[in-house]
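Sequences listed follow chains S and Z, in order. Reminder that position 213 of the first sequence reads as 213 in the numbering used here, one-by-one numbering, no gaps. Reminder that position 59 of the second sequence reads as 59 in the numbering used here, one-by-one numbering, no gaps.
If you're looking for bench data, these hints aren't it; they were derived computationally from the structure. A portion of the hints provided could be inaccurate.
Because identical chains cannot be distinguished in the list, a pair is counted as satisfied if it fits within a single copy or across any two copies.
Unchecked claim - The calculated DSBU-like cross-link candidates involving lysine-lysine, where the alpha carbons are at most 35 Å apart (straight line), are:
| id | residue 1 | residue 2 |
| --- | --- | --- |
| 1 | Lys60 | Lys214 |
| 2 | Lys124 | Lys221 |
| 3 | Lys214 | Lys9 |
| 4 | Lys62 | Lys79 |
| 5 | Lys124 | Lys214 |
| 6 | Lys221 | Lys98 |
| 7 | Lys225 | Lys117 |
| 8 | Lys178 | Lys62 |
| 9 | Lys62 | Lys129 |
| 10 | Lys214 | Lys98 |
| 11 | Lys117 | Lys221 |
| 12 | Lys178 | Lys60 |
| 13 | Lys214 | Lys62 |
| 14 | Lys62 | Lys191 |
| 15 | Lys9 | Lys191 |
| 16 | Lys124 | Lys225 |
| 17 | Lys129 | Lys79 |
| 18 | Lys60 | Lys164 |
| 19 | Lys214 | Lys117 |
| 20 | Lys62 | Lys225 |
As the structure is a computational prediction, the values presented were derived from the model and not from experiment.
There are 2 protein chains.
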Amino acid sequence: MISVLLIGKGNVGSHLYNAFLNADGITVTQISARNLENIPQADLTIIAVSDDAIAEVSSKIKNDLVVHTSGSVSINDLKNDSRKGVFYMLQTFSKDKKVDFSEVPFCLEAENINDYKTLEIVAKSIGKKIYPISSEQRNTLHVAAVFVNNFTNHLYKIGNDICKENKVPFEILHSLIKETASKIETLSPEKSQTGPAIRNDEKTIKNHLNLLDKNQQEIYKIFTKLIQNGDKL
Amino acid sequence: MISVLLIGKGNVGSHLYNAFLNADGITVTQISARNLENIPQADLTIIAVSDDAIAEVSSKIKNDLVVHTSGSVSINDLKNDSRKGVFYMLQTFSKDKKVDFSEVPFCLEAENINDYKTLEIVAKSIGKKIYPISSEQRNTLHVAAVFVNNFTNHLYKIGNDICKENKVPFEILHSLIKETASKIETLSPEKSQTGPAIRNDEKTIKNHLNLLDKNQQEIYKIFTKLIQNGDKL
């Protein structure tokens with residue numbers, strides 16, 4: 001049995017807590033980051049709080065092995081005196097949407113092999129995809145995730161705006177959006193690229209620009225240039 | 001029985017042909033757009049050729065009802081003397097990837113209700129999601145599709161580049177990419193937005209910019225601005 005203490009009751013903390021409740025070989029306790037006067041003992045303490053609070057929260061913990069769950073905070077930003085690590089799940093968590101942990105990549109980091117093995121056992125109790133990832137590699141993943149998640153979602157927003165402005169149901173695009181995402185599992189994004197920009201289809205590009213407002217036109221032009229010039233703006 | 005003639009042997013033509021072969025109530029013939037000397041008779045003639053070739057190919061057809069499959073060509077660009085329509089499938093087709101037509105939205109347009117009903121029967125023989133869409137609405141969908149498919153795929157390419165440059169497996173991001181795409185089926189893109197830009201997390205934004213090359217930095221700055229300023233550049 002490995003005892004896990006979860007600190008934080010936000011999205012990540014709550015989803016993790018529910019998953020650990022049903023996991024074999026794990027006992028789990030959850031406390032709020034606002035109430036750190038009595039911190040229970042545990043084999044593994046997982047701090048699931050906002051990036052800015054990690055240093056302060058960790059400084060108050062005396063337990064043996066303390067990890068955070070952030071994609072952009074270094075292992076060295078943990079301020080506990082005991083052993084450190086990172087338990088980063090590269091996924092987008094929403095309050096109301098169930099998480100399928102078997103699909104979530106766990107990016108683990110520890111200071112020694114025994115601690116790494118503990119993190120691995122805990123991750124495997126709820127998940128399947130486990131990767132040893134250094135703080136430097138995690139930075140890379142985090143910034144790449146901003147492109148493929150945050151910025152992509154903003155493109156969805158623009159697509160939604162265009163549909164709304166012209167009274168066309170955005171749901172017609174859902175299937176294309178999902179297919180675009182699935183396609184790169186079998187084909188590289190480079191080989192998946194289609195559309196007027198890569199085809200140099202000037203006529204369609206001109207037609208499209210006429211349908212857009214000024215800001216949308218700017219974004220359209222930027223991406224057309226990026227796709228045609230190999231990312232040179 | 002409705003007889004369908006498919007003109008064109010590219011991605012769209014080939015996937016449609018295979019689907020119609022297994023469809024109830026449909027007989028299908030396929031010919032190449034390069035060989036239009038003997039055009040077979042058919043109830044419905046579907047021209048699945050490149051946008052630029054639609055006018056010329058359609059001008060050679062004497063069959064009763066002629067439709068094209070393009071997202072960006074007007075119904076009026078068909079140059080047959082008989083009745084016209086559009087049979088547009090809003091999906092990305094790849095040569096080597098099987099198409100699940102039950103997931104593909106069929107955007108149909110015709111000049112009269114009887115022809116629309118014919119198109120609907122043909123679409124329903126292989127698909128489930130059928131929408132009556134005017135040429136104007138189709139233009140809207142097509143330009144929105146460029147944002148959510150072509151431009152999104154380019155963001156995947158940048159994510160892949162960042163991973164490659166830093167020797168991190170891009171596959172770690174696949175699950176996030178699929179989840180980002182699925183999320184908007186239950187939550188609007190506006191409500192789905194997460195990340196350092198929307199949080200105004202200046203520290204993370206600065207860290208991220210330090211990890212990127214000059215062109216990637218520009219794109220990162222543009223999106224951060226778009227997300228923070230409601231699409232004003």
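Violated hints, by number in ascending order, as checked against the structure: 1, 2, 3, 5, 7, 8, 10, 11, 12, 13, 14, 16, 18, 19 and 20
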